[in-house]
Amino acid sequence: MSGCNTCSVHGHHFPEPGDGPASGLLGQVEAAEAALRAAAERGRPGAPDGAAGDTDPQEYFTALIEADQKIEPRDWMPDAYRRTLIRQIAQHAHSEIIGMQPEGNWITRAPSLKRKAILLAKVQDEAGHGLYLYAAAETLGVSRDELVELLLAGRQKYSSIFNYPTLTWADVGAIGWLVDGAAIVNQVPLCRCSYGPYARAMIRICKEESFHQRQGYEILYTLAHGTPAQREMAQDAVNRWWYPSLAMFGPPDRDSTHSEQSMAWKIKRFSNDELRQRFVDMCVPQAEILGLRIPDPELRWNPERQSYDFTPPDYAELMRVISGDGPCNRQRMARRRRAHAEGAWVREAAAAYAAKRAARATAPTEVAA
Amino acid sequence: MSDDPRTRTGGGAPAKTADRSGWPLWEVFVRPRRGLAHHHVGSLHAPDAELALRNARDLYTRRQEGVSIWVVPAAAITASSPDEKDAFFAPAADKVYRHPTFYEVPEGAAHL
Ligand SMILES: [Fe+2]
Ligand SMILES: [Fe+2]
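Protein chains in written order, with the working numbering: chain A, 1 to 369; chain B, 1 to 112.
Think of the hints as simulated: they come from the structure by calculation, not from any bench. All C-beta atoms, glycine included, are put in the ideal place defined by N, C-alpha and C. Incorrect hints may appear among the rest.
[Said to hold, decoys possible] Pulled from the structure, derived: some chain B residues nowhere near chain A, Cβ distances all over 10 Å:
hint	residue
1	ARG33
2	ALA37
3	SER43
4	HIS45
5	VAL67
6	ARG98
7	PHE102
[As the list claims (entries may be wrong)] Below, a list of computed lysine-lysine pairs in the PhoX-like style, where the Cα atoms sit at most 25 Å apart:
hint	chain 1	residue 1	chain 2	residue 2
8	A	LYS356	B	LYS95
9	B	LYS95	A	LYS157
10	A	LYS70	B	LYS95
11	A	LYS207	A	LYS114
12	A	LYS356	A	LYS207
13	A	LYS207	A	LYS116
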C-alpha cells in the first residue's frame, strides 16, 4: 500500500512525446535524486533511522522497502536479495566495460578532431560507469577481481547488444541514439532502486548518458542531412541497430524469470515490455526529425493504447547471442582477456612500488643499514 | 559510514576479501564547491594514496563535480592539496562537449 501511495506522490512519470527536453530524461533523474533526499529526510516512520532494535531483521528489511527507504551495505538483507543485486550489478558493470569496444574501434577513424575528442570522452565515461558499478557491487561483499574473473571465464554475462559489429561511422551515431537511448530508458527507473549504492551510481551514470545519447543523435542528424551517400549510411545503421536495441530490454514479460521478485524488492520498477514500449514511443518522433525510417512495416500509432504498435525483436536471436553465438562474442571476449593479461605487469608493478615505499616508511633504519 | 563490506554487520553471504591484485579499496569524498562539505561519492582500488587521488579525479570529477577530493583507506584520510587544485581540475574546463548542453537539439526533438 505505502509503495503505491509513494508512486503517485513521486510519480514514475515518463513524459509523453512532445514534452520538451528540459522535462525529459534528465528531469526524471533529478526527480529521482530529489526523492532519494526526501526519503532520507523523512526517515522510516516511527523508528529511529538505522537502528533495527529488537525487531526481526526480515520484518525490518520489509518495512524499509515498504517505506521507500534505501537498503544500505551494513543493513541485514535476505541472501537472495544480495545475490540478485550482485548478479544484476555485475552484469551491468561488465556491459559498460565490454561496451567500450564497438565504439573504441572508431576512435582512430573518427571524421574530425572534434568527433574524435567527443568519442574518446564517451568511451572514457563508459569505463567510469563500469567502475562505479563494480564499486557498488563490492559493497555487497564480492571483490571486483572475482567479478572480472567470472566475466573472463564466461560465467557472467554482459548485454547482448555489444556483440554486434560497428561497420561504418554512422554506427557510432546509431549506438549513441539507440543503444545509449535504450540504456537510459532501462536505467532511469534504477535511479529509484531500493539498494542505496546502486541507486546513487545510477543517478551519476544517467546524467552522463544524456551526453552520449545526444552526441549520437547529432551524428545521425548531420549524416541524414548530408550527401545522399551519408544519408544512406545513416539509414543503414538504423536498419541494423533497431531490433538489437529493442532486444536490450530482455525477453518478453511472459518469459521473464526474475521479474516478479525484483519488482517486490523494488530493484526493478517496470517490466521489460513496458520499458520496450516506452523506448519505441520515444524513438518514433525522434526518427521523424532525423528524417530516417524505423525499419518496421508494422509500426503505427494505436489511438486506443496511446502508443505505437511495433514488431517485437527476434527473441530466439537474442537467446543465441546471449548464449555466446552472436556475430562478435568471441572477438569481444578475446580482446578483453588480452587487455586484462597485458595490463597485469602494470598492476603488479604499481603494487610492488607501493609495498616498497610503505616498507621504507615504516622501517627507515633497516633501509639505511 | 563505510560501505566496505568487510565492516558489514548484516546477514547473508560472508564478505570475501580476496584481492588478487593487492590493491586496497579507497573511499572517495568530494567537495563539490567552496563552502560545502566533502561528501562520499563512491570507491575505487589503487595501490597507494597518490594513485587513488589520480584515479578518483579521472573517475569522479570528469565534469568539474568537485574542487577537492579526499581518499580514505582503512584508517587514514588523505586530501588533495589546495595549491594543486587548479591544475588538478583544469582539463575538465576545455571539454565542454562532455555536457549535453554542448549539443544542438533540432527543433521539436523530445526526450534527449
Ligand atoms: Fe554507460
Ligand atoms: Fe553510454
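Now for the hints, and whether the structure bears them out:
1. Distance to chain A confirms ARG33 of chain B as a non-interface residue, since its nearest Cβ pair spans about 17 Å, more than 10 Å.
2. No Cβ of chain A approaches the Cβ of ALA37 of chain B within 10 Å, the least distance being about 15 Å, so the stated non-interface status holds.
3. The non-interface label for SER43 of chain B is inconsistent with chain A: the shortest C-beta to C-beta separation is roughly 5 Å, within 10 Å.
4. Distance check for HIS45 of chain B against chain A: the nearest CB is about 7 Å away, which does not clear 10 Å, and the non-interface claim fails.
5. The claim that VAL67 of chain B lies off the interface holds: its Cβ sits roughly 18 Å from the closest Cβ of chain A, which is beyond the 10 Å cut-off.
6. Under the 10 Å C-beta cut-off, the non-interface status given to ARG98 of chain B relative to chain A is violated; the minimum distance is some 5 Å.
7. Annotated as non-interface, PHE102 of chain B brings its C-beta within 10 Å of a C-beta of chain A; the closest such distance is 7 Å.
8. Pair hint LYS356 of chain A plus LYS95 of chain B does not hold up; C-alpha atoms about 37 Å apart against a cutoff of 25 Å.
9. Between LYS95 of chain B and LYS157 of chain A the alpha-carbon distance is near 33 Å, which puts this suggested pair outside the 25 Å criterion.
10. For the suggested pair LYS70 of chain A and LYS95 of chain B, the alpha carbons sit about 35 Å apart, so the restraint of at most 25 Å is broken.
11. Between LYS207 of chain A and LYS114 of chain A the alpha-carbon distance is near 22 Å, which keeps this suggested pair within the 25 Å criterion.
12. For the suggested pair LYS356 of chain A and LYS207 of chain A, the alpha carbons sit about 40 Å apart, so the restraint of at most 25 Å is broken.
13. The suggested pairing of LYS207 of chain A with LYS116 of chain A holds, with an alpha-carbon distance near 21 Å, which does not exceed 25 Å.
Hints 3, 4, 6, 7, 8, 9, 10, 12 from the earlier list are contradicted by this structure; the remaining hints agree with it.
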